[in-house]
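Quick note, the sequences are listed as chains R and F, same order. Using this note's numbering, the first residue of the first sequence is number 113, and each one after it goes up by one. Using this note's numbering, the first residue of the second sequence is number 41, and each one after it goes up by one.
There could be a bad hint or two in this list.
Counterexamples of contact, computed for chain F against chain R with all Cβ distances above 12 Å [to be verified]:
| hint | residue |
| --- | --- |
| 1 | 156 |
| 2 | 160 |
| 3 | 199 |
| 4 | 203 |
| 5 | 223 |
| 6 | 326 |
| 7 | 348 |
Derived Cβ-Cβ restraints for the label pairs, each shown as a range [stated by the list, open to error]:
| hint | chain 1 | residue 1 | chain 2 | residue 2 | range |
| --- | --- | --- | --- | --- | --- |
| 8 | R | 229 | F | 353 | 48 to 54 Å |
| 9 | F | 112 | R | 125 | 43 to 49 Å |
| 10 | F | 110 | R | 137 | 47 to 53 Å |
| 11 | R | 115 | F | 138 | 18 to 24 Å |
| 12 | R | 268 | F | 138 | 33 to 39 Å |
| 13 | F | 353 | R | 271 | 32 to 38 Å |
| 14 | F | 97 | R | 310 | 58 to 64 Å |
| 15 | R | 290 | F | 86 | 26 to 32 Å |
| 16 | R | 125 | F | 88 | 48 to 54 Å |
| 17 | F | 122 | R | 276 | 54 to 60 Å |
| 18 | F | 370 | R | 242 | 19 to 25 Å |
| 19 | R | 184 | F | 351 | 18 to 24 Å |
If you are wondering where the hints come from, they were derived from the structure by calculation, not from laboratory data. Note that the coordinates shown come from a computational prediction; the quantities given were computed from them, not determined experimentally. Think of the CB as a built atom: it goes at the ideal place given N, C-alpha and C, for glycine as much as any other residue.
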Amino acid sequence: MIATLAFYLFAAVLLASATMVVVARNPVHAVLFLILAFFNASALFLLAGAEFLALILVIVYVGAVAVLFLFVVMMLDVNFAELREGFVRYLPIGGVIGGILLVELLLVGTAWTISPQAPLLLAEPVPEAVTNTRALGRLLYTDYVYLFQAAGLVLLVAMVGAIVLTLRDRPGVRRQNVGAQLARARDATLAVVKVAPGAGLTVVPKPEPKPDPEPVEHGHGGHHGGGH
Amino acid sequence: MIADFLATPVGQFVFIVAAILAIMIPVLIGVAYLTYAERKVLAAMQLRKGPNVVGPFGLFQPFADAIKLMMKETVIPSGSNRLLFLMAPMLTFGLALIAWAVIPFGPGLVLADINVGVLYLFAISSLGVYGIIIAGWASNSKYAFLGALRSAAQMVSYEVSIGFVIITVLLCVGSLNLSRVVEAQRDLWFLIPLFPMFVVFFISALAETNRAPFDLPEGESEIVAGFFVEYSSMSFALFFLGEYANMILMSAMTTILFLGGWLPPFDVAPLNWVPGPIWFALKIALCLFVFLWVRATFPRYRYDQLMRLGWKVFLPLSLLWVALTSGALMLFGWLPSPA
């Protein structure tokens with residue numbers, strides 16, 4: 113009874129907030145509604161007894177992905193008047209694309225049949241005593257370990273690709289090289305000079321000039337080093 | 041009679057509400073007196089007296105502060121997003137409190153003994169960033185916004201290494217249930233075999249709670265208190281209380297993951313007479329003292345140093361330890377047996 117009520121409550125909020133993601137004028141509000149939708153999806157997982165998936169959904173999507181979304185969207189300089197201007201102009205093409213997607217969905221939905229062999233292929237149900245974290249782990253790491261590793265590799269390639277595309281080395285940027293700073297010895301930077309009273313510093317003995325590995329890199333030397 | 045009443049749905053509801061109050065009230069008192077303890081400890085370390093006027097030894101100072109903050113006017117900036125502006129502090133404070141639902145205070149003394157308690161704590165602590173980022177954006181102020189961006193980047197960075205540290209501990213436990221994490225430390229606290237991870241976890245906890253020396257989201261000297269610069273009165277107080285509640289929560293997590301939770305240091309006569317919740321509170325207090333001690337000792341990190349420490353030092357180190365720990369467990373056959 114309570115579970116059914118909770119299901120309808122979460123499902124209704126989920127659908128409403130998913131609609132608001134699309135409809136909301138302010139992109140920040142759209143992302144916040146997306147987060148609300150994630151939460152309700154996670155609550156539905158909980159009702160279905162999949163507590164591991166529910167919490168992973170919150171950790172990965174709400175805790176990491178949506179934060180980055182929000183980060184980017186908050187920095188957008190959005191002109192709301194301009195947004196509204198384009199609405200009528202883009203309505204026809206948007207409507208056509210939406211219509212095509214709807215027709216596709218309907219075609220897929222009506223033509224979809226479940227293969228008669230499918231129930232045989234399903235993994236055997238999890239016994240009551242096994243927590244679903246353990247059951248999921250066993251499935252992923254024993255039965256589907258190669259596919260799982262391949263998915264990890266795809267993500268790794270995507271990550272490396274993103275870094276390669278965005279990393280650029282601009283000339284003239286002074287970067288801190290902590291290793292070089294820590295490797296500096298006192299003799300290379302400091303000379304203690306005994307000066308006779310009234311004589312002044314007429315001759316400054318230069319400290320032993322050392323071959324500087326990266327002259328630009330630690331240009332501002334030991335003064336900005338380590339634990340400031 | 042009472043057992044019959046507790047078996048009914050209404051009785052269960054009353055019992056859960058009572059249990060929530062029994063957890064929340066000590067936590068709130070703890071938060072109030074943590075602010076007092078912070079001022080006293082900092083004062084002692086700087087050879088000052090600290091609060092000593094309101095009540096004996098200044099013990100009523102937290103209440104005086106609370107009353108002062110409640111009497112003040114809540115100012116809402118004109119260009120701000122009102123709803124989100126008021127929601128952000130409530131979110132921060134609420135999140136700091138709901139995490140306590142899964143914390144085990146003693147054997148069986150836990151409100152919700154769920155299978156995935158560690159994940160729940162990790163999820164809640166990763167949500168803490170929203171209160172800050174929403175506050176910064178809704179204030180419609182550049183200082184608040186800068187503070188929020190800094191804080192969000194910082195919390196996301198250190199969450200990664202906290203995640204790896206938690207995985208290391210879980211490998212040694214074989215369960216995601218917090219009570220079982222504590223029980224697994226009956227013979228040896230994880231502090232000893234996983235000492236480097238304990239250090240990484242504690243420093244990451246400092247960064248995660250925006251405490252000194254990683255308190256640059258607040259950065260009084262450059263961005264004038266950062267993300268909550270526009271907040272006043274109770275809305276400010278909720279951020280403040282949320283920060284301190286998070287400190288206590290992080291100390292509780294450190295205690296559960298590394299310091300043996302409610303277990304006494306040695307299972308011998310005078311030590312195991314002391315009830316578990318007392319040991320738990322003492323260990324939390326010890327961690328909190330280190331939080332304050334660090335604040336009194338270290339100057340603030342520079343932003344690039346903070347990022348370097350998180351991504352270039354802690355992340356590879358904790359990843360290496362995950363590999364080493366799982367390798368050692370497999371090699372010597374120390375893997376915990378399934379439940």
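Results for each hint:
With a minimum CB-CB distance of about 5 Å to chain R, residue 156 of chain F fails to clear the 12 Å threshold, and the non-interface call is violated. Separation of residue 160 of chain F from chain R is inadequate, the least Cβ-Cβ distance of about 6 Å not exceeding the 12 Å criterion. Consistency note on residue 199 of chain F: stated as away from chain R, yet its beta-carbon is not over 12 Å from all of that chain's, at 7 Å minimum. Residue 203 of chain F, annotated as away from the interface, has a beta carbon of chain R within 12 Å; the closest lies near 8 Å.
Even its closest Cβ contact with chain R, about 16 Å, leaves residue 223 of chain F beyond 12 Å, as expected for a residue assigned away from the interface. The claim that residue 326 of chain F lies off the interface holds: its Cβ sits roughly 25 Å from the closest Cβ of chain R, which is beyond the 12 Å cut-off. The claim that residue 348 of chain F is not at the interface with chain R is violated, since a C-beta of that chain comes within 12 Å of its own (minimum 7 Å). Range check, residue 229 of chain R to residue 353 of chain F: about 53 Å between beta-carbon atoms, so the 48 to 54 Å window is met.
For residue 112 of chain F and residue 125 of chain R, the Cβ-Cβ distance of about 35 Å falls outside the hinted range of 43 to 49 Å, so the restraint is violated. A beta carbon spacing of about 36 Å between residue 110 of chain F and residue 137 of chain R contradicts the range 47 to 53 Å that was offered as a hint. In this structure, residue 115 of chain R and residue 138 of chain F meet the distance hint of 18 to 24 Å, their C-beta atoms being roughly 21 Å apart. The hint said 33 to 39 Å for the Cβ distance between residue 268 of chain R and residue 138 of chain F, and at roughly 35 Å that hint holds.
Distance hint check: the CB atoms of residue 353 of chain F and residue 271 of chain R are about 19 Å apart, inconsistent with the given range 32 to 38 Å. As the Cβ distance of residue 97 of chain F to residue 310 of chain R is approximately 60 Å, the hint placing it in 58 to 64 Å holds. A C-beta distance of roughly 30 Å is found between residue 290 of chain R and residue 86 of chain F, which places it inside the suggested range of 26 to 32 Å. With their beta carbons about 52 Å apart, residue 125 of chain R and residue 88 of chain F fall inside the hinted range of 48 to 54 Å.
At roughly 44 Å, the beta-carbon separation of residue 122 of chain F and residue 276 of chain R lies outside the given 54 to 60 Å, and the hint is violated. Roughly 22 Å separates the CB atoms of residue 370 of chain F and residue 242 of chain R, a value that falls within the hinted 19 to 25 Å. For residue 184 of chain R and residue 351 of chain F, the Cβ-Cβ distance of about 19 Å falls inside the hinted range of 18 to 24 Å, so the restraint holds.
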